[in-house]
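As you go down the protein sequences, you meet chains A and B in turn.
Be aware that the first sequence starts at 1, since it is given in my numbering, and climbs by one per residue.
Be aware that the second sequence starts at 1, since it is given in my numbering, and climbs by one per residue.
For the record, the hints were derived by calculation from the structure and aren't laboratory data.
Note that the structure is a prediction, hence the values are computed from the model and not measured.
Hints are supplied without guarantee of correctness; some may be wrong.
[Said to hold, decoys possible] Listed next, with one range per pair, are the computed distances between beta-carbon atoms:
#1 B:Leu284 - A:Ala792: 47 to 57 angstroms
#2 B:Leu196 - A:Ala792: 37 to 47 angstroms
#3 B:Gln3 - A:Ala792: 49 to 59 angstroms
#4 A:Ala253 - B:Ala124: 58 to 68 angstroms
#5 B:Leu240 - A:Arg765: 33 to 43 angstroms
[Claimed, not checked] Covered by chain A, per the in silico footprint, the following chain B stretches (three or more residues, Cβ under 8 angstroms):
#6 114–126
#7 218–231
#8 262–276
Cβ atoms here follow ideal geometry from the backbone N, Cα and C, with glycine treated the same way.
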Amino acid sequence: MSAPDPTPRADHGATSAGTPAAGASATAAPTAQGRSVTPDATGHRAAPDGRSSAGHPRTPHGQDIPGARPPRPRVVELSLLLLAAIALGCVGMAGALNGLWWLPSVAATVLTVLVVTGAARWLRVPSPLVTVLGLAALLLALTVVHLPSHAMLGFIPTGETFSAAGELWRSSGDFISRDAAPYGPNPGLAFVLCTLVGLVTVFMETVLVGLRMAGLACLGILALLVVPALTLPGSVTALGLAAAALAALALLAGSRFWGATRAQRIAPTPGGFPRALLVIAGVLAVVLFVPAVMPGFFNGAFPQGSSFTAERASGVGPLRAVGQDLRSDEHTRRFSYTTSDDQPQYMRLLTLSDFDQDEWFPDVENLDGDLSGLADAARNPVPRGTEVSAKVMFDDFSEHWLPAPYAPVAVSALGDEGWAWNPRDLSIFSESTGMSGAEYTVTSALPRATPEALRTAPSAASDPQLGDYLRLPANRPQSVADAARTFTEGADTDYDRALAIQNHLRDDFRYDVTAPLAQGYDAGGMGSLDEFMRNRTGYSGHFAPAMALMAREVGIPARVAVGYLPTAPVEDPDGGRSFPVSTGDSHAWPELYFQGVGWVRFEPTPGVPSTPDYAPDSAQDQGGEGSQTPEETAAPSDEPEQPPSEQPSEQPTEQPSDQPTEQPTEQPGDEPTQDQSPQDEATPATAAVPWWLVTGVLGLLALLALAAAPRVVRGRRRRARLAALQDASLTPQRRANAAWEEFRGLAEDHGVTSPASDTPRVRARRLAAGLPGAQTAVDHVVADVESASYGAPDSRWTPRTTPEDLTLVRDEFRKRASRGGRLRADWWPASLWSGPRG
Amino acid sequence: MEQFAARTKAILDRMNSVIDGKPAETRTALLTLLAGGHLLVEDVPGVGKTMLARTLAGAVGGTINRIQFTPDLLPTDITGVSVYDQTRNQFEFKPGPVFANVVIGDEINRASAKTQSALLEAMAEGQVTADGTTYRLAEPFMVVATQNPVEMDGTFPLPEAQRDRFMARISMGYPDADAEVAMLRDHGAGSPLTGLGPVVDIEEARDLVRHVAALHVSTPVRRYVVALCQATRTHPHLRLGASPRAALQLQAAARAQAALAGRDHVLPDDVKDVAVAVLSHRLLLERRSGADSAQDIVRTILSDVRVPTEDAPQTR
Numbered sequence: 001m002s003a004p005d006p007t008p009r010a011d012h013g014a015t016s017a018g019t020p021a022a023g024a025s026a027t028a029a030p031t032a033q034g035r036s037v038t039p040d041a042t043g044h045r046a047a048p049d050g051r052s053s054a055g056h057p058r059t060p061h062g063q064d065i066p067g068a069r070p071p072r073p074r075v076v077e078l079s080l081l082l083l084a085a086i087a088l089g090c091v092g093m094a095g096a097l098n099g100l101w102w103l104p105s106v107a108a109t110v111l112t113v114l115v116v117t118g119a120a121r122w123l124r125v126p127s128p129l130v131t132v133l134g135l136a137a138l139l140l141a142l143t144v145v146h147l148p149s150h151a152m153l154g155f156i157p158t159g160e161t162f163s164a165a166g167e168l169w170r171s172s173g174d175f176i177s178r179d180a181a182p183y184g185p186n187p188g189l190a191f192v193l194c195t196l197v198g199l200v201t202v203f204m205e206t207v208l209v210g211l212r213m214a215g216l217a218c219l220g221i222l223a224l225l226v227v228p229a230l231t232l233p234g235s236v237t238a239l240g241l242a243a244a245a246l247a248a249l250a251l252l253a254g255s256r257f258w259g260a261t262r263a264q265r266i267a268p269t270p271g272g273f274p275r276a277l278l279v280i281a282g283v284l285a286v287v288l289f290v291p292a293v294m295p296g297f298f299n300g301a302f303p304q305g306s307s308f309t310a311e312r313a314s315g316v317g318p319l320r321a322v323g324q325d326l327r328s329d330e331h332t333r334r335f336s337y338t339t340s341d342d343q344p345q346y347m348r349l350l351t352l353s354d355f356d357q358d359e360w361f362p363d364v365e366n367l368d369g370d371l372s373g374l375a376d377a378a379r380n381p382v383p384r385g386t387e388v389s390a391k392v393m394f395d396d397f398s399e400h401w402l403p404a405p406y407a408p409v410a411v412s413a414l415g416d417e418g419w420a421w422n423p424r425d426l427s428i429f430s431e432s433t434g435m436s437g438a439e440y441t442v443t444s445a446l447p448r449a450t451p452e453a454l455r456t457a458p459s460a461a462s463d464p465q466l467g468d469y470l471r472l473p474a475n476r477p478q479s480v481a482d483a484a485r486t487f488t489e490g491a492d493t494d495y496d497r498a499l500a501i502q503n504h505l506r507d508d509f510r511y512d513v514t515a516p517l518a519q520g521y522d523a524g525g526m527g528s529l530d531e532f533m534r535n536r537t538g539y540s541g542h543f544a545p546a547m548a549l550m551a552r553e554v555g556i557p558a559r560v561a562v563g564y565l566p567t568a569p570v571e572d573p574d575g576g577r578s579f580p581v582s583t584g585d586s587h588a589w590p591e592l593y594f595q596g597v598g599w600v601r602f603e604p605t606p607g608v609p610s611t612p613d614y615a616p617d618s619a620q621d622q623g624g625e626g627s628q629t630p631e632e633t634a635a636p637s638d639e640p641e642q643p644p645s646e647q648p649s650e651q652p653t654e655q656p657s658d659q660p661t662e663q664p665t666e667q668p669g670d671e672p673t674q675d676q677s678p679q680d681e682a683t684p685a686t687a688a689v690p691w692w693l694v695t696g697v698l699g700l701l702a703l704l705a706l707a708a709a710p711r712v713v714r715g716r717r718r719r720a721r722l723a724a725l726q727d728a729s730l731t732p733q734r735r736a737n738a739a740w741e742e743f744r745g746l747a748e749d750h751g752v753t754s755p756a757s758d759t760p761r762v763r764a765r766r767l768a769a770g771l772p773g774a775q776t777a778v779d780h781v782v783a784d785v786e787s788a789s790y791g792a793p794d795s796r797w798t799p800r801t802t803p804e805d806l807t808l809v810r811d812e813f814r815k816r817a818s819r820g821g822r823l824r825a826d827w828w829p830a831s832l833w834s835g836p837r838g
Numbered sequence: 001m002e003q004f005a006a007r008t009k010a011i012l013d014r015m016n017s018v019i020d021g022k023p024a025e026t027r028t029a030l031l032t033l034l035a036g037g038h039l040l041v042e043d044v045p046g047v048g049k050t051m052l053a054r055t056l057a058g059a060v061g062g063t064i065n066r067i068q069f070t071p072d073l074l075p076t077d078i079t080g081v082s083v084y085d086q087t088r089n090q091f092e093f094k095p096g097p098v099f100a101n102v103v104i105g106d107e108i109n110r111a112s113a114k115t116q117s118a119l120l121e122a123m124a125e126g127q128v129t130a131d132g133t134t135y136r137l138a139e140p141f142m143v144v145a146t147q148n149p150v151e152m153d154g155t156f157p158l159p160e161a162q163r164d165r166f167m168a169r170i171s172m173g174y175p176d177a178d179a180e181v182a183m184l185r186d187h188g189a190g191s192p193l194t195g196l197g198p199v200v201d202i203e204e205a206r207d208l209v210r211h212v213a214a215l216h217v218s219t220p221v222r223r224y225v226v227a228l229c230q231a232t233r234t235h236p237h238l239r240l241g242a243s244p245r246a247a248l249q250l251q252a253a254a255r256a257q258a259a260l261a262g263r264d265h266v267l268p269d270d271v272k273d274v275a276v277a278v279l280s281h282r283l284l285l286e287r288r289s290g291a292d293s294a295q296d297i298v299r300t301i302l303s304d305v306r307v308p309t310e311d312a313p314q315t316r
């Protein structure tokens with residue numbers, strides 16, 4: 001031939017530079033073969049030299065497939081890189097944890113996994129096996145660190161180990177539901193954290209070192225951040241985010257650096273699409289699966305702490321804490337009390353009146369340190385009814401606020417220091433929370449409210465002192481205002497309006513303490529209220545602020561009180577009756593202000609069977625089906641049958657159940673409509689889409705996307721090959737090979753294969769057997785690939801194959817295939833799963 | 001290219017007109033000549049081994065010498081001998097029968113090992129050294145040795161090292177009934193070669209050889225050749241595999257095969273086509289290798305070894 005044309009040479013060079021696998025195989029092949037020839041030459045064919053037989057595909061006659069052995073990655077560097085990345089990721093995770101108590105066990109777990117996987121990589125164990133070994137190492141580490149007493153010899157996991165692990169896992173759920181983030185030391189939580197971080201480690205190791213996809217490995221860092229993000233709003237600090245970003249950058253840069261020095265970029269290699277697909281499927285599975293098994297993701301164990309007070313549960317408002325308490329599986333007794341009239345009371349802790357923030361908290365700014373002022377404030381400016389004294393004995397109580405029936409006039413037997421009260425709402429505050437075991441007596445003057453007094457009360461809307469209680473936050477949902485107007489249509493007085501709002505909420509809305517959490521609108525904040533109005537499902541943490549805001553919308557001053565419901569009495573040994581109060585009695589209710597009467601409690605939560613005497617639930621009174629019209633509800637003249645009693649605000653004898661919100665089915669409520677168990681589906685007027693449907697649809701969509709992925713990827717690959725075939729800027733070799741790959745892919749998709757020992761023309765004859773119509777097209781493809789692979793390198797030629805040839809071949813294959821074969825070729829193309837071919 | 005095809009076709013036609021019903025064997029013989037190798041024809045007496053060699057030599061118009069190997073044949077009977085010329089008072093080299101384009105070594109396994117090696121050295125080197133002087137052999141130079149199966153009486157089996165020097169081994173086998181009938185009809189009266197001139201002259205034959213040697217062999221094909229040879233070395237049923245020389249000769253034979261097929265480059269198919277003829281006589285079977293013949297083992301290897309193509313970058 002003539003003098004070598006530089007252009008094709010340069011192309012050729014660029015081509016081989018672009019395929020690191022080629023270079024790698026060229027260097028790896030001699031060593032591999034040198035090693036494997038020795039045992040075979042002596043005739044010991046089955047030479048069990050574990051290393052050469054494992055992971056090194058060989059034909060039955062000892063033929064090495066060139067380049068089949070992967071070069072050893074930089075194990076030490078990559079493992080250290082992973083360690084650093086995970087450590088940085090844990091900085092973000094630590095936001096939800098109190099202190100560093102978790103660090104030793106997590107570090108031990110990660111180190112164990114990395115040492116084992118690193119050693120396996122060093123020994124060139126096949127990649128899938130490395131992952132299995134990593135999981136085994138994780139199991140071992142978890143057993144040794146957390147469950148040595150349940151394992152054989154302290155480290156061999158047995159059935160007992162797994163049941164103990166399950167127990168530990170569940171206990172973490174209980175712990176999280178009981179305690180508030182940031183979490184202190186707990187063996188169950190440590191176990192969960194180690195499991196999570198360990199799994200993330202195995203995942204990242206597999207993706208980074210095994211599959212060489214550094215970008216995907218960054219997902220692991222993200223997984224670490226998910227824990228605090230879900231557990232505690234705002235706990236992922238700027239520091240945590242920066243650390244995570246640094247970790248991701250380190251992963252990318254480090255893997256590239258060490259990958260490059262091995263002349264083997266850590267990047268998607270040929271055949272990366274199926275791998276990527278696999279990984280994505282795995283990630284999807286994890287995303288869909290983990291929430292189902294993680295303790296409390298949906299049932300409320302995970303998210304929030306249960307303290308009402310601001311100090312410990314930063315970010316968790318009292319309303320959310322009410323839900324937390326109600327959802328917790330085991331109820332701890334908070335305190336018990338006796339009353340002078342032997343009747344249980346609503347034990348109020350605090351009130352919420354400022355709804356401007358994202359999360360609502362009680363006012364702790366304007367407190368008065370002199371408790372003696374309580375008496376005057378409670379009696380003025382309105383006259384009060386009977387005075388009741390309650391003797392409260394704390395059990396396990398760690399709140400800042402003192403439970404007391406409204407309105408307290410005197411508190412005795414408290415220490416001298418550290419007490420304060422809020423003159424606006426008469427709640428009593430303690431600097432410290434260490435009140436367990438203490439006891440005190442509180443005397444309260446119960447409001448004297450009757451329907452008549454309430455109805456005749458002048459409007460308080462213009463009272464400047466109550467301006468704060470009328471203020472409507474700017475971000476309130478429009479649905480609340482609309483509902484308030486709709487509910488109160490036709491009601492003439494403030495009292496009638498309040499009653500209408502209460503009864504509409506009781507009748508048209510559904511009580512469920514878990515659904516809001518599952519659908520992401522746990523109580524507290526305007527966002528949750530908006531969702532609540534849409535789904536019409538919630539608990540007192542939703543009903544109380546909803547009514548308070550609606551009342552403000554129609555000009556009634558209102559606030560939300562948080563405390564405990566009246567409970568059933570237990571007989572004391574000395575004959576008296578005391579009322580134990582546990583976390584399951586947590587409750588929130590609205591208080592509305594009426595001139596001349598004062599702050600009056602309403603009960604819009606349908607989970608509580610009885611309403612105050614002065615605010616009768618129409619359904620209750622009529623014994624009807626609960627489908628009363630607004631007119632009925634708003635017509636108080638129809639139901640004067642319940643005369644005001646001496647204790648108008650309480651009706652405890654009708655409500656012996658101590659946990660009405662928790663176990664509604666046990667309530668002796670006389671109306672089926674009030675039996676609002678969480679499972680009750682037959683609630684009218686719930687326009688909300690159930691969460692399981694949303695999840696189901698999303699899951700279905702994800703599955704569909706996953707199912708369509710092979711087809712999409714195959715189509716993409718086909719178009720890429722056709723484009724390469726027509727791309728005149730490429731070398732003819734590349735163009736011909738693209739056509740050849742596509743031809744083979746088509747055959748493989750349609751279930752036609754040929755052994756690797758076939759030459760191109762034999763293979764083509766075999767693959768295209770029975771395709772008489774495509775014979776010319778196949779001949780073109782074969783001629784091209786032969787010229788590309790075996791022809792003189794410096795001869796200039798152009799492939800004869802056209803895209804139409806390949807289309808013809810495909811049509812012929814399809815024509816010959818069965819219906820099932822066509823379906824399989826379309827949706828599950830086999831050529832995607834076979835690796836790169838030479 | 002057209003010339004090559006026409007000339008090789010003429011040679012093949014000539015050979016097939018003489019040797020009835022053996023097109024594959026005649027083709028292999030021509031291929032060996034074109035590839036610059038030597039041919040070992042192995043079979044029982046009387047099936048036309050010598051006839052094949054003579055026909056080939058006659059067709060290319062080269063000089064032909066025939067050596068009938070016998071147990072008492074001496075090395076100098078092959079290479080030639082220095083004789084003292086009394087008139088000129090000096091030694092004069094009398095070239096032996098090896099100085100010809102085609103040397104027919106009949107029943108080579110009847111000679112002693114010493115004599116055999118004299119021929120084989122000439123085959124390998126392309127030259128003969130006598131009394132310190134080196135004499136080039138003719139070009140092209142091809143030895144067609146015939147051999148009776150070693151089981152027969154009075155034979156010295158050819159050592160492995162020497163079998164390795166033959167590019168290909170073919171076995172004539174008995175002609176089928178029709179071919180044998182035709183042979184009786186056509187060749188009943190006298191030698192069939194009588195009156196047949198060469199179809200190409202020796203210079204043209206040299207061109208043919210040069211053309212073959214210039215054929216392009218790509219790296220994947222070379223890798224395939226090496227992979228095949230390595231597979232024989234590690235095969236459990238083989239005591240001795242193919243040597244690097246075998247790889248060289250396999251490549252050369254594949255070149256000739258590709259040239260005969262009218263291509264300017266070698267395909268793996270060409271390698272496959274000649275592999276059995278080129279490799280099997282060099283292999284030494286394990287005693288416990290069972291019933292598999294060397295040919296069978298080569299075929300197994302052919303069906304196991306992956307055929308490499310140019311390392312194509314993955315198209316995306």
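Evaluated hints:
no.: 1; hint: B:Leu284 - A:Ala792: 47 to 57 angstroms; in the structure: violated, 37 angstroms
no.: 2; hint: B:Leu196 - A:Ala792: 37 to 47 angstroms; in the structure: holds, 38 angstroms
no.: 3; hint: B:Gln3 - A:Ala792: 49 to 59 angstroms; in the structure: violated, 20 angstroms
no.: 4; hint: A:Ala253 - B:Ala124: 58 to 68 angstroms; in the structure: holds, 60 angstroms
no.: 5; hint: B:Leu240 - A:Arg765: 33 to 43 angstroms; in the structure: holds, 35 angstroms
no.: 6; hint: 114–126; in the structure: violated (count 0)
no.: 7; hint: 218–231; in the structure: holds (count 7)
no.: 8; hint: 262–276; in the structure: holds (count 7)
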